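Trainee: Sequence:
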Amino acid sequence: MKKNLVKSIAGSTSFKLISALISFITVPLLLHALGKESYAVWVTSTALIAWLNLFDFGSGYSLKNKVTESMAINDYRELNTLIAGTIQFYFLMSIAILLIFCGALYSVEIFKSNQILALILYLPIIFSFPFTLGHFIIQGRKKFNVFNFLLLAQSGGWFFFVLAYRFNVISLDIYTLAAIYSSLFLLTNLAIFIYSLKGLSFDIKQIVNFKNLSASKDSLKVGYRFFLLQISSLFLFSLGNILTYNNLTLSDVAEYDTINKIYLMGMTLFNVVISVYWSEISHAKAVKDKLLLSKLFRQLLIIALLFSIGAVIFTFFVPMLVSIWTKKIIIVKFAQLYPFVILVCIQAFAYSGGVILNAFERLKEQIILAVISGVLIIPLANFLFASHFSIGSVPLASSILLLPTAIIIIFKARNVIKDLS
0 MKKNLVKSIA GSTSFKLISA LISFITVPLL LHALGKESYA VWVTSTALIA WLNLFDFGSG
60 YSLKNKVTES MAINDYRELN TLIAGTIQFY FLMSIAILLI FCGALYSVEI FKSNQILALI
120 LYLPIIFSFP FTLGHFIIQG RKKFNVFNFL LLAQSGGWFF FVLAYRFNVI SLDIYTLAAI
180 YSSLFLLTNL AIFIYSLKGL SFDIKQIVNF KNLSASKDSL KVGYRFFLLQ ISSLFLFSLG
240 NILTYNNLTL SDVAEYDTIN KIYLMGMTLF NVVISVYWSE ISHAKAVKDK LLLSKLFRQL
300 LIIALLFSIG AVIFTFFVPM LVSIWTKKII IVKFAQLYPF VILVCIQAFA YSGGVILNAF
360 ERLKEQIILA VISGVLIIPL ANFLFASHFS IGSVPLASSI LLLPTAIIII FKARNVIKDL
420 S
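For the sequence shown, numbering that gives the first Met the number 0 begins at 0 and goes up steadily by one.
Simulated from the structure, these hints should not be mistaken for laboratory data. In this text, all values refer to a predicted model and were calculated from it rather than measured experimentally. Any given hint could be a false lead.
Label pairs and their in silico Cβ distance ranges [said to hold, decoys possible]:
| hint | residue 1 | residue 2 | range |
| --- | --- | --- | --- |
| 1 | 118 | 190 | 19 to 29 Å |
| 2 | 74 | 250 | 50 to 60 Å |
| 3 | 337 | 267 | 18 to 28 Å |
| 4 | 74 | 168 | 50 to 60 Å |
| 5 | 72 | 326 | 49 to 59 Å |
Glycine included, each C-beta is placed from N, C-alpha and C at the ideal position.
Model the full structure from these sequences, guided by the hints.
Mentor: Structure (structure tokens):
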């Protein structure tokens with residue numbers, strides 16, 4: 000591995016591990032402070048924040064590729080126009096999100112039952128949506144350590160308030176916690192956005208020139224294909240809390256969320272590797288370095304294998320970890336963990352192939368498989384709930400749908416590299 004690649008992975012992984020540790024500590028603190036049922040309301044409400052990522056329609060991923068490729072060939076002539084046009088698109092989508100959110104207050108069950116909480120939590124997050132474009136620009140610039148440090152600062156600020164609340168240093172309620180959470184989200188994304196534009200000679204006045212939106216239409220069209228992959232990922236990996244809430248009890252939601260958080264932290268670390276490699280793959284593609292691409296792909300598959308072995312070994316310790324972590328408020332059995340570990344192992348290999356196709360913007364096969372998975376995930380999960388698979392129903396359904404996708408994507412990625420000319 001190149002020195003910069005190792006440095007980015009090591010630094011970003013360190014920041015993510017610290018963030019994961021903070022999250023591990025924060026969960027039982029919130030669980031004790033709010034109580035099991037209020038905690039279930041909190042995690043179900045905040046789980047829907049991930050759905051806001053849909054509204055960029057994949058344009059951020061397309062811009063990320065363009066940033067890396069422009070830097071690789073040292074040509075920025077079209078890049079700032081693309082950035083300005085994409086920012087304008089994000090502002091328009093913020094208005095759309097706000098309108099949809101107003102409707103969701105009266106149609107989505109968790110919002111209907113907790114309208115004030117939803118308003119306090121979501122309005123600042125919706126207003127900060129345009130700033131989230133900075134996540135893609137900063138990664139395209141390969142500033143992974145700065146990016147993950149800023150995210151760590153957000154986690155650290157949240158931990159400070161939760162810790163003070165838990166031990167009665169400050170007096171808060173769930174509504175004030177929501178205001179703190181959403182404010183930290185807004186400030187962090189603003190900081191990332193401002194930093195991401197440094198060094199690109201970007202003129203902020205370009206944002207009010209709406210000719211840039213039209214000039215960015217080709218990039219936005221590519222983004223729509225990424226959007227279909229985004230929506231598939233959300234259906235496969237972000238519906239667990241909602242479906243468990245609809246089919247089981249609040250106690251089951253708390254159990255599912257606790258186990259899922261553990262495995263999600265593992266995938267968060269693996270995604271650090273994917274993010275760093277994505278930029279390296281885009282760079283190698285821009286300079287047409289087939290040997291480097293093949294080497295990067297092999298490295299990814301080896302990392303996925305090692306990650307999967309580690310996940311299986313780690314699973315033997317999860318019941319004890321959950322018991323200690325939640326002070327025996329939540330007890331899980333080893334058999335409940337099988338669907339979760341199977342899913343993260345399949346995900347690791349699917350992501351290793353998918354990142355090659357994403358960097359090359361070869362998305363046809365992924366889109367077809369994504370649409371099929373998106374259609375089938377809810378009925379398959381509901382069938383498994385009815386078949387008494389309990390909290391393992393959603394990860395098991397996701398695993399069943401993702402396995403053929405992973406196999407096809409890996410072979411397609413190999414062929415894409417082989418055909419590069």
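Trainee: Please name the hints from earlier in the document that this structure breaks, with their numbers sorted from lowest to highest.
Mentor: none
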